[in-house]
Amino acid sequence: MTDNEEIELLLSNIDNLNLEELSIDEPTIKEEEEEKTYQSYMGAEIHEEHKIVSQLDEVTKESEAKATELFDIMNDISNDLLFSDEKVESLSSNLNKIKEKLNSQENKDESLVSDVNLAIEDIKEIKNICNHANNVLFEGMSLMQYQDINRQKIERVVNVMRSLIKYLNLLFEGTVEDNSRTSTPSHISGDHSNDLVGNDEDLESLIASFK
Amino acid sequence: MKILVVDDSSTMRRIITNVILQLGYKKDDIVEAENGQQAWETLNTDTFDVVLTDWNMPIMSGLDLVKLIRNEEKYSGLPIIMITTEGGKAEVVTALKAGVNNYIVKPFTAILLKDKLNAVFNN
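Protein chains in written order, with our numbering: chain A, 1 to 211; chain B, 1001 to 1123.
By construction, these hints were calculated from the structure, which means they are not laboratory data. It cannot be assumed that every hint is accurate.
[What the hints assert, rightly or not] In silico DSSO-like cross-links for lysine-lysine, where the CA-CA straight-line distance does not exceed 27 angstroms:
| hint | chain 1 | residue 1 | chain 2 | residue 2 |
| --- | --- | --- | --- | --- |
| 1 | B | K1067 | B | K1089 |
| 2 | B | K1089 | B | K1027 |
| 3 | B | K1026 | A | K153 |
| 4 | B | K1027 | A | K87 |
| 5 | A | K153 | B | K1067 |
| 6 | B | K1027 | A | K66 |
| 7 | B | K1106 | A | K66 |
| 8 | A | K124 | A | K99 |
| 9 | B | K1114 | A | K127 |
| 10 | A | K127 | B | K1106 |
| 11 | B | K1067 | B | K1114 |
| 12 | B | K1067 | B | K1106 |
Could you build all of it, start to finish, from the sequences and the hints given here?
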């Protein structure tokens, strides 16, 4: 059964599902600790993944690391191609020697000479393919310049954002330190909230209920 | 022949090095630096025949490196090629006024870099 078919079956039986029977993975200690790493400011939760400049810095760092890995791989392939080229050159040289020896014989086997010639032609073709592959690989390496170009584009955006943050910080600078400021009330008379204490009577009865 | 390649991007340094190796130079002929400051320190410890430098780098930019080099009498004849994403005419003029001998805008082709290097070496 495919994944989609499984999902369809599940959805068709959804009314019969007993949610209490479904096993729910309890968060692991690591997950709980990760939850605690987010910052909470004025009720807005900020996770590491939401931090714009930090995430963009991660992107540039990781893309450079992966580009280096890719370069290593391409270098390996290039080295193998160069090695193959050397082997092919050696093979070609040996076949040419064989051809010369065959041609110098009085009763030479013409079909053998023909086979050797074909082999020499095949070797030339392999050599051309190796050279072409190496050139294409080199072009690919050149295209990796775009990793650096795109990194610089991202850094430009990051620098603009950082300048904007500094500008906004200056603009909103006050004369009272943050820790000296009055804390913000959660509910103020006039708010559109169902949680307000309606009148003095409601307030008195709420207080009385705790005594 | 000794070549100093200056770029904060390790990818770019490898690309440039690859092109230089294709010209027939050896790995030992090439020295890398990650920024202008490192390049300046390296220049003062060895003798180089050409400097290939990026512009935008941390700690010390390529432009500042060029100005430092041109301020030193002993480096007056040292060829400098700037290889950078800065593609504006104003930037090219700024670099030429600072003392670069040639200028390449990224992305570049291997042939272009080879031609510019050959022109420098032939001079």
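Status of each hint after checking the structure:
no. : hint               : verdict
1   : B:K1067 to B:K1089 : holds (19 angstroms)
2   : B:K1089 to B:K1027 : violated (34 angstroms)
3   : B:K1026 to A:K153  : violated (33 angstroms)
4   : B:K1027 to A:K87   : holds (23 angstroms)
5   : A:K153 to B:K1067  : holds (26 angstroms)
6   : B:K1027 to A:K66   : holds (23 angstroms)
7   : B:K1106 to A:K66   : holds (20 angstroms)
8   : A:K124 to A:K99    : holds (15 angstroms)
9   : B:K1114 to A:K127  : holds (24 angstroms)
10  : A:K127 to B:K1106  : violated (32 angstroms)
11  : B:K1067 to B:K1114 : holds (25 angstroms)
12  : B:K1067 to B:K1106 : holds (22 angstroms)
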